[in-house]
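Could you slot chain B onto chain A? The hints should help.
For the record, the sequence lines run as chains A and B.
Using our numbering, the letters of the first sequence correspond one by one to residues 1 to 543.
Using our numbering, the letters of the second sequence correspond one by one to residues 1 to 325.
Don't take each hint at face value.
Stated by the list, open to error - Which chain A residues stay away from chain B? Per the calculated CB distances, all over 10 Å, these:
#1 I94
#2 R99
#3 L148
#4 L204
#5 D223
#6 Q263
#7 A264
#8 Q399
Claimed, not checked - Simulated restraints on C-beta separations:
#9 A:R110 to B:Q48: 34 to 42 Å
#10 A:E265 to B:A13: 53 to 61 Å
#11 B:F147 to A:A262: 19 to 27 Å
#12 A:R291 to B:L63: 32 to 40 Å
#13 B:F147 to A:S272: 22 to 30 Å
#14 B:P62 to A:A424: 21 to 29 Å
#15 A:A262 to B:R241: 58 to 66 Å
#16 A:R194 to B:L71: 46 to 54 Å
#17 B:L63 to A:E120: 38 to 46 Å
#18 A:R110 to B:A13: 52 to 60 Å
#19 A:R375 to B:A90: 57 to 65 Å
#20 B:A10 to A:R194: 53 to 61 Å
#21 B:P62 to A:S161: 35 to 43 Å
What the hints contain is simulated information worked out from the structure, not anything from laboratory work.
Remember, predicted model here, so these are calculated numbers, not experimental data.
Ideal placement from N, C-alpha and C gives every residue a C-beta, glycine not left out.
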Amino acid sequence: MSGRVPWVFALAWSVLLAGCAAHEDKPGDRTDASKPGPETGTVVAVLSNDPQTLSPIGKTDVYSATVASLVSDSLFRYERGLRLVPRLAQRYEISADGRTFTFWLRPGVRWHDGRPVTAEDVEFSVRCARDPRNESLYLDDFRDLSRLEALDPLTVRAEYSVPYADALEGWTLPLVPAHVTGGDTSLLEGPLARMPVGCGPFRLARYEPGRAVVLEANPEYWDGAPGISRLVFSIVPDRRTAYQALLAGEISLLALTPELWAQAEREPRAASFTRLLYHPLRVWHIGWNQRPEAAFFGDARVRRALILALDRESFNRSVLRGLGRTAATTYHPDSPWADPGVRPWPYDPARARALLDEAGWSDRDGDGVREREGRPFEFTLLTASADEVTERMAEWMQQSWREVGVAMRVERLEWRAFLQRRNAGRFDAAMSSLSLGAIPDQYELYHSEASPPGGLNYFGLADRRVDALLETGRRTFDPERRRAIYAELQHLLHELEPISCLYHFAEPILYDSRLEGLRPSALGLFDVFPGPQAWHWRSGAAE
Amino acid sequence: MLAHALHRLATGAVTLLGVSLCTFALLQLTPADPLGERPATGPGLSPQQIESLRQLYHLDRPLHERYLRWLGDVLRADLGRSLYDRRPVAQKIAERLPLTLTLNTLALALAVGLAVPLGAAAALRPGSAWDLATSAAALALYSVPVFWAGVLLQWVLSARLGWFPLYGLEPVGWGGAGLERLAARAHHLVLPVLCLAYGGVAYLSRFVRNTLAESVRGEAVRAARARGASWWRVLSRHAFRQAAVPMLTLAGFVLPGLLAGSVIVETIFALPGLGRLFVDAVFQRDLPVVLALTLISGTATLLGILAADLAYGVLDPRASRGSPR
Chain A
1 MSGRVPWVFA LAWSVLLAGC AAHEDKPGDR TDASKPGPET GTVVAVLSND PQTLSPIGKT
61 DVYSATVASL VSDSLFRYER GLRLVPRLAQ RYEISADGRT FTFWLRPGVR WHDGRPVTAE
121 DVEFSVRCAR DPRNESLYLD DFRDLSRLEA LDPLTVRAEY SVPYADALEG WTLPLVPAHV
181 TGGDTSLLEG PLARMPVGCG PFRLARYEPG RAVVLEANPE YWDGAPGISR LVFSIVPDRR
241 TAYQALLAGE ISLLALTPEL WAQAEREPRA ASFTRLLYHP LRVWHIGWNQ RPEAAFFGDA
301 RVRRALILAL DRESFNRSVL RGLGRTAATT YHPDSPWADP GVRPWPYDPA RARALLDEAG
361 WSDRDGDGVR EREGRPFEFT LLTASADEVT ERMAEWMQQS WREVGVAMRV ERLEWRAFLQ
421 RRNAGRFDAA MSSLSLGAIP DQYELYHSEA SPPGGLNYFG LADRRVDALL ETGRRTFDPE
481 RRRAIYAELQ HLLHELEPIS CLYHFAEPIL YDSRLEGLRP SALGLFDVFP GPQAWHWRSG
541 AAE
Chain B
1 MLAHALHRLA TGAVTLLGVS LCTFALLQLT PADPLGERPA TGPGLSPQQI ESLRQLYHLD
61 RPLHERYLRW LGDVLRADLG RSLYDRRPVA QKIAERLPLT LTLNTLALAL AVGLAVPLGA
121 AAALRPGSAW DLATSAAALA LYSVPVFWAG VLLQWVLSAR LGWFPLYGLE PVGWGGAGLE
181 RLAARAHHLV LPVLCLAYGG VAYLSRFVRN TLAESVRGEA VRAARARGAS WWRVLSRHAF
241 RQAAVPMLTL AGFVLPGLLA GSVIVETIFA LPGLGRLFVD AVFQRDLPVV LALTLISGTA
301 TLLGILAADL AYGVLDPRAS RGSPR
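Okay, chain A solo, but in the shape it has when bound (with noise of 0.2 Å):
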C-alpha cells in the first residue's frame, strides 16, 4: 500500500510533461512581450469566453465580433457618433431610384498574406455572409440583394430588388479573401476558422483554446501601423479574477461589474487607473401586453401613468450607483438621430393617479387598489434574472405603483422560458434588456406587421400612424426628410409609451493610466472607427 503514493506521483509529473509535449510551440516566439505596458507595447484586454469563430465572418456572438473588426476592415463602418464613414470604400454613388449602390474601393489595400483586395473579395465576402452554414447576422442585411457584380478590379455594384435607405449598414461586413479557401463560401470549418487572413489593423499572431488570443500590429495596414505591438485577450470567465489581475498589472483595461466598480472606489490600489464609462446599445425596457385580449394595458394613459410614477432619478443615485441614464426612447441618446426634444417621462405621481382616474382606475372600496367594472388593478411583471439589480429595481417598482394604487407581482422565469412566455403573449408586462440598432429604421420593434418571432413587437402595438411612419421613413434616402420622420415617430411613440425605456446602463471601464487613445462611445472601444488601431503608451511615463 505505501508503494502507491510516489507511483501516483510519478503519473502526475507524467501527464504534466505530456500535457506540455502535446501543446504546439511555436519555436522563435520566446520574447518575455507577455507584460503589458510601454516596454512592451503590448495591451492585454479579457474575453469572458472563446470566440465563437476566429473567421471574419459567422456566428453572432460578441467575442467573434470583437476580433473580426480588428483583423479585417469593411467598405464602412461606424465611428463614434454612431455614423456611418467610408473605409475601403473610397466613395459610392447610389441611383435616384435607391435600388442601384456602386462602391469603389481603395486602392494599395493589400491582405496579411500580401496580396490586394479586389472587388472579387467584396463579392466573395457577401456570398460568404449569405451562405447559411456561416450563422452570419449579416444574412438579413443582403436578403433582398438581388445582383452583385464586379465591374473591375476596384469597383463593385449590388442591385436591391426594393430600395431601403439604410442598406448601408449592411457594408460594415468585414472582407474575407477569395483567394484562401478555394472558393468554398462555408467559412466555420475551413481555414479562416482558426487562422483568419485578413485585411485590418491587426493580425492573429496564435489562438490557445480555452486561455488567449494573441493579435499584433499590421506594420502594412493602409490607414498606418496601430500605435501598440500587440493586443491580448486573455480568456478570463471569473470578472473578479480579472480585476485583481488588473490591480496587479497583467491586464491594461477591463469592464467592471456595478460590485466591482463599488469596490474600485474604494481600493487604493484601483486609485492609479483611469475610469471610464459608455453607455451602451442598449435599453432596459419594461413591455406592456396591450393586444387587445390583454387586462390592463390597452389604454396609453394607464402605461404612462405607471411610468410617471417611478422616481428613476433618485433611484438612480441612491441603488444604481449613478450608472443608469434615464431613458426616454428606444433612440439612443448618442444617435444622431434621437430628437432631443424628447424627454425622459419625469416623476409626477399627480398626474399618474389622474391618469389612471381617466382611464377608469379609482378605488371604490378603499383597499388601496383600484379597480375598473369589479376587476383590481394586479398584474404580473415577468423578469429573466434573479440578479440583484433586477430585483432592487423590482422591489422598488412594486412600491412606487401601490403608491398610486397599483399592485404588482414579479415572476422571475430562467431566459429561454421567459422569451417564450413573452413572445406568446402570455403575460401583463416584461421587463429585460432590448438591444438598440445605430440606423434610425425600427420597423421590426414596432411595426404591426413584426410579432415574433419574425420581429420584436412581442407587446402587441398595432398604430396606423406608426405603421405609416415606418414605411415611409425605410424608403426615404434624403436625411432631412428621414429625419422629420422620425422625429415625428419618437414624439408618436412617447405619446403612447408601448414599452417603457428605464434606463441605459452603463459600462463602466477601469483601464492602465499610461494608454491613450480610449475613447468611450456607445458601440463600446473595439468595434468602432477609431478604435484599437489609435491606442497607444505613453512613452517613458513614471507611475
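What follows is chain B alone, placed relative to chain A:
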C-alpha cells in the same frame, strides 16, 4: 473470474446506452433548442436562418432518428462537431483532457499523501489530543466552500504576497518552451491544486482514521502488538491490510474523479479544463459536447467500479464467488 468480468462489461455497455439516452432526452426537454431564440443582448439570427440551420444540423428530425444517427456516428468513432464553434468534439476534449488529468492527479496525490499519515497518526491514539485536533481541523476544512477558498488563496498568496500567479496555465500570450514552460506551469498550478485537494485531505484523513481505528482494535493487531512488533510494522502488515477492502470502495471513484473537471476552480483560476467545457455546453445546449463528456465519464465510472470489483475478488476470494450483487 473472466466470465465475471465479461458479464460486468456487458451490463456496463447497456448502462452506458441508457445513460446516453437519458442525457439525450433530458436536453430535449429543456425549453429551448441550441440555435434558440434571440440572445439576451445583441441581435440574433432571423427565423428563416434558424430554420435552415436546423435542417442543416438535422435538428428538425424526430428524436429517435437523431439519437440513432448520433449512436451510429459514435460507433464509427465520430463524436461530431460542437454547435458552439463547429469544431470537432474529440479535438475540443483532447485539448482540455491533459490539464484536467494533471490537476486531478496532483490534487489526489496531495490529498492521499497528507491524509494517510494524518489519519494513521490519529487512529493509533483514538481520543487523544492529536485525534481531537485533527478531527476538528478536518471538519473545519471540509466546511470551507471551494469558491471562497479559491478567492482567499488568490487574495492572500497571490495578490498580497505575490508568491503565486493569479490565474491561467502560464503567463498570457507567453511563448516559453521546454523546462522553463514546465516550471511556469507547475508554479501556476499550485493554487488550483491546493484548492482542489483540501477537501479531499479533510475527508480522506477521517476515512483513514476510522477504518484504521477499527482494525487497530481488532485481534490480529492486538496479537501483533503482544508479540512486540513495532507500531510501524503493525500498521503496514496488519492494520492497512484489513482496511484495504473498505478503501477499495473509494478507489473505484478515483478514475472518474480524475476526469471530472471542477467548474468552480477552473472558473476562478481561468483554466480551460473539462469542467467548464461541460457546464458551458449544457448552458449552450451544445448536445454533441454534453453527450460525449457524459459518455466518457460514464465509461470511466463503470471501469472504476469494475476494477474495484475485480480487486475485491483478489483481496477477498469470498466476494467473487457469491452472487455478483
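Verification of the supplied hints:
The beta carbon of I94 (chain A) sits about 24 Å from the closest Cβ of chain B, which is more than 10 Å, so the claim that it is off the interface holds. The Cβ of R99 (chain A) lies farther than 10 Å from every Cβ of chain B, with a closest approach of about 22 Å, so its non-interface assignment holds. No Cβ of chain B comes within 10 Å of the Cβ of L148 (chain A); the nearest lies about 19 Å off, and the non-interface call holds. For L204 (chain A), the requirement that its beta carbon stay farther than 10 Å from each beta carbon of chain B is met, with the minimum near 12 Å.
The claim that D223 (chain A) is not at the interface with chain B holds, since no C-beta of that chain comes within 10 Å of its own (minimum 25 Å). With a minimum CB-CB distance of about 12 Å to chain B, Q263 (chain A) clears the 10 Å threshold, and the non-interface call stands. Under the 10 Å C-beta cut-off, the non-interface status given to A264 (chain A) relative to chain B holds; the minimum distance is some 14 Å. For Q399 (chain A), the requirement that its beta carbon stay farther than 10 Å from each beta carbon of chain B is met, with the minimum near 27 Å.
Between R110 (chain A) and Q48 (chain B) the beta carbon distance is about 36 Å. The supplied range of 34 to 42 Å therefore holds. The given range of 53 to 61 Å is respected by E265 (chain A) and A13 (chain B), whose C-beta atoms sit roughly 59 Å from each other. In this structure the hint that F147 (chain B) and A262 (chain A) lie 19 to 27 Å apart at CB holds, the actual value being about 20 Å. At about 33 Å, the beta-carbon gap between R291 (chain A) and L63 (chain B) stays in the expected band of 32 to 40 Å.
In this structure the hint that F147 (chain B) and S272 (chain A) lie 22 to 30 Å apart at CB holds, the actual value being about 29 Å. Between P62 (chain B) and A424 (chain A) the Cβ separation comes to about 24 Å, which falls inside the hinted range of 21 to 29 Å. Distance hint for A262 (chain A) and R241 (chain B): a CB-CB separation of about 59 Å, consistent with the stated range 58 to 66 Å. The supplied range of 46 to 54 Å is broken by R194 (chain A) and L71 (chain B), whose beta-carbon atoms lie about 29 Å from each other.
For L63 (chain B) paired with E120 (chain A), a C-beta distance near 45 Å keeps the hint of 38 to 46 Å intact. For the pair R110 (chain A) and A13 (chain B), the supplied restraint of 52 to 60 Å holds, since their beta-carbon distance comes to about 57 Å. Roughly 60 Å separates the CB atoms of R375 (chain A) and A90 (chain B), a value that falls within the hinted 57 to 65 Å. For A10 (chain B) and R194 (chain A), the Cβ-Cβ distance of about 41 Å falls outside the hinted range of 53 to 61 Å, so the restraint is violated.
Checking the proposed 35 to 43 Å range against P62 (chain B) and S161 (chain A) shows it holds: the Cβ atoms sit about 37 Å from each other.
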